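Asks: Protein chains in written order, with the working numbering: chain A, 120 to 502; chain B, 120 to 502; chain C, 120 to 502; chain D, 120 to 502.
Hint data in this document are derived by calculation from the structure and do not stem from the laboratory. Please note that the accuracy of each hint is not assured.
[Unchecked claim] Derived contacts from chain D toward chain B, CB cut-off under 10 angstroms, selection only:
(1) L364
(2) M373
(3) V379
(4) S394
All values reported here derive from a predicted model rather than from experimental measurement. Quick reminder that beta carbons are idealized off the backbone N, C-alpha and C, glycines included.
Protein chains: 4
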Amino acid sequence: MSAAGKPKRIRLGMVGGGRDAFIGGVHRIASRIDDHFELVAGAFSSTIEKSKLSGLDLGIAEDRSYGSYKEMAIREARLKEGIEAVSIVTPNHLHFAVAKEFLKRGIHVICDKPLTSTASDAKKFLKLVESSDSLFVLTHNYTAYPMIRQARDIIHSKELGEPRVVQVEYAQDWLSTDLENTDQKQASWRVDPERSGAGGCIGDIGTHAFNLAGFVTGLQLESLCADLHTFVEGRQLDDNVHIMLRYKGGAKGMLWSSQVAPGNENGLRLRVYGSKGGIEWSQEEPNKLWYTPLGEPTRLLTRSGPGANDAANAVSRIPAGHPEGYLEGFATLYSETAEAIYAARDGKSVENLCPGVKEGYEGIGFISAAIASSKKNGGWVKL
Amino acid sequence: MSAAGKPKRIRLGMVGGGRDAFIGGVHRIASRIDDHFELVAGAFSSTIEKSKLSGLDLGIAEDRSYGSYKEMAIREARLKEGIEAVSIVTPNHLHFAVAKEFLKRGIHVICDKPLTSTASDAKKFLKLVESSDSLFVLTHNYTAYPMIRQARDIIHSKELGEPRVVQVEYAQDWLSTDLENTDQKQASWRVDPERSGAGGCIGDIGTHAFNLAGFVTGLQLESLCADLHTFVEGRQLDDNVHIMLRYKGGAKGMLWSSQVAPGNENGLRLRVYGSKGGIEWSQEEPNKLWYTPLGEPTRLLTRSGPGANDAANAVSRIPAGHPEGYLEGFATLYSETAEAIYAARDGKSVENLCPGVKEGYEGIGFISAAIASSKKNGGWVKL
Amino acid sequence: MSAAGKPKRIRLGMVGGGRDAFIGGVHRIASRIDDHFELVAGAFSSTIEKSKLSGLDLGIAEDRSYGSYKEMAIREARLKEGIEAVSIVTPNHLHFAVAKEFLKRGIHVICDKPLTSTASDAKKFLKLVESSDSLFVLTHNYTAYPMIRQARDIIHSKELGEPRVVQVEYAQDWLSTDLENTDQKQASWRVDPERSGAGGCIGDIGTHAFNLAGFVTGLQLESLCADLHTFVEGRQLDDNVHIMLRYKGGAKGMLWSSQVAPGNENGLRLRVYGSKGGIEWSQEEPNKLWYTPLGEPTRLLTRSGPGANDAANAVSRIPAGHPEGYLEGFATLYSETAEAIYAARDGKSVENLCPGVKEGYEGIGFISAAIASSKKNGGWVKL
Amino acid sequence: MSAAGKPKRIRLGMVGGGRDAFIGGVHRIASRIDDHFELVAGAFSSTIEKSKLSGLDLGIAEDRSYGSYKEMAIREARLKEGIEAVSIVTPNHLHFAVAKEFLKRGIHVICDKPLTSTASDAKKFLKLVESSDSLFVLTHNYTAYPMIRQARDIIHSKELGEPRVVQVEYAQDWLSTDLENTDQKQASWRVDPERSGAGGCIGDIGTHAFNLAGFVTGLQLESLCADLHTFVEGRQLDDNVHIMLRYKGGAKGMLWSSQVAPGNENGLRLRVYGSKGGIEWSQEEPNKLWYTPLGEPTRLLTRSGPGANDAANAVSRIPAGHPEGYLEGFATLYSETAEAIYAARDGKSVENLCPGVKEGYEGIGFISAAIASSKKNGGWVKL
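Just chain A, with the same shape it has in the complex:
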């Protein structure tokens, strides 16, 4: 920290994330953990009444709880102490329209994944962000776990030799029944093509798996061969995803994501094998990374432990054995974004590892390719 002291907290707004929402609360906690943000405004719901109630819950000044994101963007941009950044935590189909209003007014955007619900929106989104001076971060939060950063570093420094095999999976069980026909709000929009897009499970969690594998290995997906399926009767979108992967340079992979796998709570797991070693990581035990140099015993690398490297230590808060979890990983994305915003205040820019619009665009491309492959009964489709 510079002698100049801690920078003033970033004024943050939020679109979506009202009562009953899950991910909005996560973003709020994540924004607070390292004390770089202050939530001061929001369009938490689609009606002004509901939005104000949520604002009240959150201690937001009444006149800064908005009934529409557009109104919020217009007014906050004019306020002297208006928001500098906004978190978008709406269903997918709104991401683009909302982001546009803020980006064009010079407000930085932190947006939940997947980027959009349609490929055409994704293309426009890419252009929009690339032509904007504002920052855009897509919360593929799993990339920010310390041991994921270490895994990435291990692979990028060629400690595994040439990557050969990538096995990634993301399995859950909460949609094993037709939960969407109850009043479970989390379920209903996720299986609705209008709000989620053409991908169900593949969009909701498959994109996380795809993104994580790419982030850690640095490999570019060349083509894929997919079999998407819906097991729960009446459901409109896929709830199980089987994909074979071919990466540029010759590595091969498999991706499984499912929301109908009883016993799996949030089973995101990544295994990468190269000519000189292998690594294994599981999101439910995020402080551990298993590393096997070929021909040697497997090592258990722990966050902040004796085998932790600089990449991991840079995003760790507390000592080994004191588990950091999901919220801390999420918070790291916020904090890296904050550093970028601090720099932007001074007209500077900083490098960081936060996923952005490019990763979001690739994610939508991944969804499209998988759906295309599956529709034509499984042939290889180029990305």
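Keeping the supplied structure of chain A fixed, place chains B, C and D upon it in accordance with the hints.
Replies: For chains B, C and D alone, kept in the frame of chain A given last:
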């Protein structure tokens, strides 16, 4: 949350926790996670210069960084918007003196453990708090993990039948060498009788193990038989603790704590066996609780999972499989304290599970008894 | 055991399994564990000298160590106390020719997998066995683990509801380098198309994975879509196998097998998810079966433990917590075969779960389909 | 194996181990696994009728099933092809009397633990064996697990530096209720002072824990401080054991053994920490050894894996990842005994690691000291 909206954040001060300290940072993050506190003042170090530098790091207004806790207590008590609560994160020998200054001025105290460095201070501390109108919370943070709350509930509701055997341990490895002779600040005060008291490992982590076992089982320790030892040459305080336990009502136990056990990072583990079942929990995988009804297969109970009970769910933030960690557990203590402070603002009081001065006093009694037993070569000593 | 006492041990011969071989020794131990067999003859190597040396190691009478399996079959069939059964543990390409000599002389055959090195041999093999009065057992040994038997029973009794997703994998790392170019005998024949057939990894271990998934679920594979690959330069056969599976009735699956995955020793793992629950099993911890009824906590079912069912208990030898391993599972196949041979002595037949020629034939069909799919770049191929 | 070929199998007898017994069957399988023994005679039960029935089950010639061990010893010693060794698997109180009959007739003895049911027998036993030319092996079978051999080697070669802390435990749950009042034969003799001796849980499994800790560390116990307890009402012997340990040279330890700990099937676990590293091992996952060099990441050493050393490899049968279990460990004791008997046939002797009468005598001393300490309410008692 009431329709009246979120209460105003509690104005918090801190004593200790300057640059290089570990636990101060933990308290600060914990205080922010659920957004009930705002850190506005501090006596972070023993000199005004250092304190102001830490204050600068933390975004504290310059005139509220103090060089002495007494000055801080006096001035903050007089301010119109002075602190309502203070976190004490100094070495143990200062806890009592610091707490006294704030408690007597009506400022609530959140204090790190162990309560004091001497038994006589502990007794005075007990009286002081009992005669005070202010709240006092001792941060035995491990009691606030959701699955610990569930374990407690399982035992209190007699699902294990009569408790018979309690195996608790807390093993670390970071003091396996004479780290205190390097410039590692965390090590040096912990092995210094002046600042820590007569107990080394037993005070630093043994008390956590003792407290946790009592919290979960509800059992009162009747007597103990201890063998404390110092393995690292030149060290003044114990670094390995072996204790046999006898609880009122007939349960027996063992407590091991060590800071010289290579491979153990923060290995706090609790196992309780009763006439009808058993439970096992490990701090390094805090979201899991293993529960075996006698004669049935072991169940894996997970935080927010299908077997989680009300006690666990009440202190969980996010869904199953999204690991919460050490900071969230710590934050729960802060949030329960906040609820009590909110009530106190209205002259009300609320029940909660936060450890207080009684638990702190018992902890010092435990340390004293263990040292006494060990000194007389291991006989049973009553608590 | 009947009052008539223990039947006389079955006189067993062996083809293959000389010095340096791995699986021959396994068969021998497996045949002894439950004391139903006595090894009395063998054609352990392809020369009479080597065969006699191996026979000497094993305590075989000199005149019953043969230099050719044909000679052995002829002579043993004529001996009054000649062998009743033979174990075939040669490289794959010899299985059929060897089995033929014994089967046609009324000698029961226990044969290692995969059935043959070519599809045409497999077809002939199927006919041969079906027209023979002798017993034929294919040692897909993993089917005999107690918790695999329990998993099968759970699924067959519909406790998981309708099976939806089958994730099976078999990963090893021992062929991560070109071990075949050293004098490692285990490696050299396995990657030689002449001796192994057209499949490398897929034949050696992929067939085990395929077989196990079918055994446990009872599902028939309808079609597959494969991507086989050779990572180690100069190797002639595949060393990594990615396959998507479609089962009759609508279940979907994935199969990964690899011999180039550093950190995986013998990583055969099976996960099956249905509409009402899921199970998970790993060969390296064979005494455990994880079972999750949908919406309930996961149970850890253990061999001989409180949740073990009849199917598991029928093939367990010792109490819970006393681990049985690979050799015991293998021994169970031998013992079930022995029961069938005892019955055959009396002209009777018994039902058992031992894999036979049908499973072997399906395995070769699986290999062929996978190679065909992979060659045409991944389309779905019917079985 | 020498060019001379496999030695003739050792003719083995058994005392005890009739129908319903557990450990007799284990000994029989163990004796067969490596093919060094042939069971040819037995006094399986205390009546000739029952003994013959068991003999029939086992394929023993009728005239070699005896109704009394003495008769068996006398007759077998006279037979030309009489037994060379005998396995004693009776309740504890008979070990000495039985062994005496065979040892004095030159028949080698393999005896289950604990050595005897009384300290006076143990002393006599020690003298008897020391003055005998025959071999005596006590089946502390857990010492023969490969990774236990590796652990021993790691410690003996000072890779952990000076041993400091030994945590050993052996927990089961099968006696959590008064099973002895049902017709469970395994339970009834184990809690009967007449047949087991003055120790219950401490004799049955505590001695295993004590022995294993000594075997692995090479440390001699100097004194102990114990708290033995009986939780199940009406039970005559202890069912839970808490002991603090002091080893010669300054290491300290704790031993917990319990048969009333629900969820523990056969939970023998050993952890040893020294000045330079630590190891952890659990009997229920015997193929794994966790090894942490101080200040480095923990390594997972696996049986036959890349980190396995000569000591482990010498007693391994099959490759890494193919789990060996309890029976194989037990078999190793038998095979090491066989090598010693083969040598004895030629009048030679060989060194091996099999526990013998000395270890048995120490075990009885351990039981006596623990009971003495517990009776006088926990003071330190010298061994």
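Asks: Which hints from the list above does the structure break, by number from lowest to highest?
Replies: none
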